[in-house]
Amino acid sequence: MTEKGSAVEAEAIRRLLAEYGRLLDLRDAQGWAGLFLPEGEWIGGERYGAIRGHAALAEFVTREFSTTPPSVHIFGNMAITTEGERASAWSRWLLVEPDQSGLRIALAGQYRDELARTGEHWRFRRREVVVDLPLNA
Amino acid sequence: MTEKGSAVEAEAIRRLLAEYGRLLDLRDAQGWAGLFLPEGEWIGGERYGAIRGHAALAEFVTREFSTTPPSVHIFGNMAITTEGERASAWSRWLLVEPDQSGLRIALAGQYRDELARTGEHWRFRRREVVVDLPLNA
Amino acid sequence: MTEKGSAVEAEAIRRLLAEYGRLLDLRDAQGWAGLFLPEGEWIGGERYGAIRGHAALAEFVTREFSTTPPSVHIFGNMAITTEGERASAWSRWLLVEPDQSGLRIALAGQYRDELARTGEHWRFRRREVVVDLPLNA
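Protein chains in written order, with our numbering: chain A, 1 to 137; chain B, 1001 to 1137; chain C, 2001 to 2137.
Keep in mind that a hint or two might mislead.
[Claimed, not checked] The following label-pair restraints were derived from C-beta to C-beta distances: (1) A:F65 - B:G1045: 18 to 28 Å; (2) C:N2136 - A:F65: 38 to 48 Å; (3) C:P2038 - A:T68: 40 to 50 Å; (4) B:G1102 - C:F2065: 11 to 21 Å; (5) A:R112 - C:T2081: 35 to 45 Å; (6) B:G1049 - A:A50: 40 to 50 Å; (7) A:R27 - B:T1062: 19 to 29 Å; (8) B:E1039 - A:R27: 34 to 44 Å; (9) A:A116 - B:R1086: 40 to 50 Å; (10) C:L2026 - B:G1102: 17 to 27 Å.
[Said to hold, decoys possible] Okay, the calculated bits of chain C under chain B, using three or more residues with CB under 8 Å as the criterion: (11) 2065-2079; (12) 2082-2092; (13) 2099-2112; (14) 2125-2136.
FYI, nobody ran anything at the bench for these hints, they're computed from the structure. The beta-carbon is built from N, C-alpha and C at its ideal position, and this holds for glycine as well.
All chains, please: the whole structure from these sequences, using the hints.
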């Protein structure tokens, strides 16, 4: 892959990162799990540990969001580095939820990603989710 | 257009999407309307319907923002797909406003865009604005 | 530089913009200052004036953040224009902090950047930080 090609790949990766949030906010557990490689991992720190593979990922999201309010995930600060069929990314996320008087930012954190291209599609090999605020979350 | 060119076009589209928010927060109704094609449409759901063409768009923004507090629109999660002189995009937005005790997120939603390039410039053919939160907004 | 190359450069600039927030939220004053050219400037309006050069920049961040709560800076709406070894950028930022009952947006504003490439790296020549909300901040 040429250096020029890397900008096209980064664009495709941005679409993947956006899709992660869109499907999560839709509670589309199967679609969301499908953004990972078959053996891909979602790593949620001490609280959640590592969730691996499509079936476990879909089950995890279904369970975790079964009792939560509707959400909007907004992402920014995307730093993407591609190298052939692999890439890494760092980005920021906010979770916005309704509360009694309007909307609130429930959580704020960062994603650390390892990505792989399989054929036409970029997928998560490993997404590590760090919650930065609130401190005791 | 080559696949490589699509990354350059996506960059130009990101500038357009940013300009939409910048001009809106400046209350520059004419400049903002000029980001649409002459027959371009802004679609605001049941509440606002479809606003079509530069004059109607500028009038709409002037009217809607005449009594609102100052705003900051922040955008993220931009998923852009280009195909020659056309493109589509999906993205997230938050509307931040002052309230009694500081700042609040007044609204959170998504944009669904159809874009077209005319000469040097990308413009909105159709921007659909969906409010996701609060649920009853 | 070809037009195609500009998308690769924009990608590198997005990594720089993300790194600015990441290092700031880590309170890594030296690393953060190193994102500027040796004579690079951070311009903070009437309140802060212009801070110039690595030593002054690092000292500034160390001092300003010595008594502040932990932060998450989230960035969006990045509009990047490259021209060879120079570039300009406009973007939006929110500063998220903990408060008594959860998280709040403490400040919201815009960045206006002039950037330069030195060898492999893009650096800030001049970053102007504008606070838009709250109005009296």
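Here is what the structure says about each hint:
Range check, A:F65 to B:G1045: Cβ separation about 25 Å, and the 18 to 28 Å hint holds. Restraint check, C:N2136 to A:F65: a C-beta distance of roughly 39 Å satisfies the suggested window 38 to 48 Å. Roughly 48 Å separates the CB atoms of C:P2038 and A:T68, a value that falls within the hinted 40 to 50 Å. The hinted window of 11 to 21 Å between B:G1102 and C:F2065 holds, with their beta carbons roughly 19 Å apart.
Remark: the range hint 35 to 45 Å for A:R112 to C:T2081 is contradicted by a beta-carbon distance near 29 Å. Under the hint 40 to 50 Å, the C-beta atoms of B:G1049 and A:A50, about 48 Å apart, fit the expected range. Range check, A:R27 to B:T1062: about 38 Å between beta-carbon atoms, so the 19 to 29 Å window is missed. Taken as a hint, the range 34 to 44 Å holds for the pair B:E1039 and A:R27, whose Cβ atoms sit roughly 37 Å apart.
A hinted range of 40 to 50 Å is violated for the C-beta pair A:A116 and B:R1086, which are about 29 Å apart. The supplied range of 17 to 27 Å is met by C:L2026 and B:G1102, whose beta-carbon atoms lie about 25 Å from each other. Remark: the stretch 2065-2079 of chain C is confirmed as covered by chain B, as 5 of its residues place a Cβ nearer than 8 Å to a Cβ of that chain, reaching the required three. Proximity of the stretch 2082-2092 of chain C to chain B, defined as three or more residues with a beta carbon under 8 Å from a beta carbon of that chain, is established by the 3 residues found.
Closer than 8 Å: that is the beta-carbon criterion, and the stretch 2099-2112 of chain C has 7 residues meeting it against chain B, so the requirement of 3 holds. Check result for the stretch 2125-2136 of chain C against chain B: holds, 4 residues qualifying (beta carbon to beta carbon below 8 Å, three or more required).
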